[in-house]
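Trainee: The primary structure of each chain is shown beneath.
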Amino acid sequence: MPGLSPMSQLLELPLQTKNCLLFSTLQESTFGAVLDMVTDRVSTAALLVLLTHFYKSHYGLFLGLLALDISSHWLQMFSTHLSSKASHKDMGDSKSTLLRLYYQHRYFMGYCAIGAEIAYILLYMLAADGNIGSPYEVARHAVAERTVYGIVLVIALPGCAIKQLVNLVQMKTAADVCVRYDTHRYSSKSQ
Amino acid sequence: MEDSAVEDSPKQSNWPIYLYIPNLIGYARIIANGAAFGVAFTNKELFAILYFASFVCDELDGRFARMFNQKSTFGAVLDMVTDRVSTAALLVLLTHFYKSHYGLFLGLLALDISSHWLQMYSTFLSSKASHKDMGDSKSTLLRLYYQHRFFMGYCAIGAEVAYILLYMLAAEGNIGSPYEVTCRSIGNGTVYGILLAIALPGCAIKQLVNLVQMKTAADVCVNYDYARHNSKAQ
Chain A
1 MPGLSPMSQL
11 LELPLQTKNC
21 LLFSTLQEST
31 FGAVLDMVTD
41 RVSTAALLVL
51 LTHFYKSHYG
61 LFLGLLALDI
71 SSHWLQMFST
81 HLSSKASHKD
91 MGDSKSTLLR
101 LYYQHRYFMG
111 YCAIGAEIAY
121 ILLYMLAADG
131 NIGSPYEVAR
141 HAVAERTVYG
151 IVLVIALPGC
161 AIKQLVNLVQ
171 MKTAADVCVR
181 YDTHRYSSKS
191 Q
Chain B
1 MEDSAVEDSP
11 KQSNWPIYLY
21 IPNLIGYARI
31 IANGAAFGVA
41 FTNKELFAIL
51 YFASFVCDEL
61 DGRFARMFNQ
71 KSTFGAVLDM
81 VTDRVSTAAL
91 LVLLTHFYKS
101 HYGLFLGLLA
111 LDISSHWLQM
121 YSTFLSSKAS
131 HKDMGDSKST
141 LLRLYYQHRF
151 FMGYCAIGAE
161 VAYILLYMLA
171 AEGNIGSPYE
181 VTCRSIGNGT
191 VYGILLAIAL
201 PGCAIKQLVN
211 LVQMKTAADV
221 CVNYDYARHN
231 SKAQ
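Taken in sequence, the protein lines are chains A and B.
Just so we're aligned, residue 1 is where the first sequence starts under full-length UniProt numbering, counting upward by one.
Just so we're aligned, residue 1 is where the second sequence starts under full-length UniProt numbering, counting upward by one.
Chain A on its own, in the form it takes in the complex (with noise of 0.2 Å):
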């Protein structure tokens, strides 16, 4: 399919830097918005699917992260709805430390987001390239062998843990935004 290939996905990124600056100067519209986010959706999963081929023994791994990317993504988007429908007194502050941490630091933020995706890309860069094994035994193997790939996957893994941890924050507190949300509608409709 076009333009999921992984080189196309890494010369994809300036364009979509591009686009980002275009959305905060020019053009900004809801739809560029929901196209960014359902690309961005839809891009992530069909490199996990590739990765569940590429590593059929670990097939679970990546499938466990691809539900992870959908669900909390999917929690998150329900939230900030429900959030922005009540006001900010009802809702509370929900956000955890660590994703106040998270949020304040945009660059950090950044780094965490590219580093998934690039981690994703040198898997399957690796076994495309005919490495086999756990993924684990591939990225300790190219790290221990110091190739550029090995190199940029040290750099990038510390990023892509943390962006899956702070997925799963981000999913216990937008669920405790939509029990808020509730709990708060009736409290509200006993007075």
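Please note that a few of the clues may not be correct.
Calculated lysine-lysine pairs in the BS3-like style (CA-CA distance at most 27 Å, straight line) [to be verified]:
1. Lys56(A) / Lys44(B)
2. Lys85(A) / Lys172(A)
3. Lys232(B) / Lys85(A)
4. Lys128(B) / Lys85(A)
5. Lys85(A) / Lys215(B)
6. Lys44(B) / Lys128(B)
7. Lys99(B) / Lys56(A)
8. Lys128(B) / Lys215(B)
9. Lys128(B) / Lys172(A)
10. Lys128(B) / Lys232(B)
Just so you know, the hints here were simulated from the structure itself, not pulled from any lab data.
Keeping the supplied structure of chain A fixed, place chain B upon it in accordance with the hints.
Mentor: Just chain B now, kept in the frame of chain A:
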């Protein structure tokens, strides 16, 4: 399946929402799905049983929510998310079992994610803007579709059943493209073949509806911006 609207009648005030019975059933559904996909490559009968169990949970949680007056927003979202993830996982399975037609199932996955995401977003936007601004952007096909709940159910279930049958056929050793495998099983008049003949039209219509919904949802996004801009200009 839970409705997305929460009922207005009074409910148990102290029972924590995370422990509502329909939500407990929702957790069981997730566990059943996780276990199912864990054995998908090694034990197809167990996969079918577990996936069917999660399907039963999906039916039960809505009923229990109404029965025990335990509808919750969290429950509705849990339901939606579990639907999306289990359909995605099933399609990932099919990219493995029909590797030559990997693109077809990846495309169906992209369509499922995109159309539901856009629908969700456009529903949010519609609830923010007034109906006067949004206009009636639904197409005739969608209006028809939504007026017939049982037909909707048939299409949605048809898609899931078609995917599971394709998995079962491949796991049993049927080789070839999904089209060949389907034609062969229908031609042979097997149970799978007959079910497939019933389910596939529903599956096809569901994909068509997904496509149309992407377009109408995108229109909602565009209309939302126009309405905001017009109201600013006044």
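Trainee: Each of the hints needs a verdict: does it hold here or not?
Mentor: So, going through the hints one by one against the coordinates:
In summary, the hint linking Lys56(A) to Lys44(B) is supported, as the alpha carbons are separated by about 17 Å, within the 27 Å threshold. For a cut-off of 27 Å, the pair hint linking Lys85(A) to Lys172(A) stands: about 20 Å separates their Cα positions. A C-alpha spacing of about 21 Å is found between Lys232(B) and Lys85(A), which places the hinted pair at or below 27 Å, so the restraint holds. Pair hint Lys128(B) plus Lys85(A) holds up; C-alpha atoms about 8 Å apart against a cutoff of 27 Å.
Among the hinted pairs, Lys85(A) with Lys215(B) is consistent with the structure: their alpha-carbon atoms are about 26 Å apart, no more than 27 Å. For the proposed pair Lys44(B) and Lys128(B), the alpha carbon gap of about 46 Å is over 27 Å, so the pair is violated. Between Lys99(B) and Lys56(A) the CA atoms are separated by roughly 13 Å; this keeps the pair inside 27 Å, and the hint holds. A C-alpha spacing of about 20 Å is found between Lys128(B) and Lys215(B), which places the hinted pair at or below 27 Å, so the restraint holds.
The hinted pair formed by Lys128(B) and Lys172(A) meets the criterion: a straight-line CA distance of about 25 Å does not exceed 27 Å. Pair hint Lys128(B) plus Lys232(B) holds up; C-alpha atoms about 16 Å apart against a cutoff of 27 Å.
Taken one by one, the earlier hints fail for this structure only at number 6.
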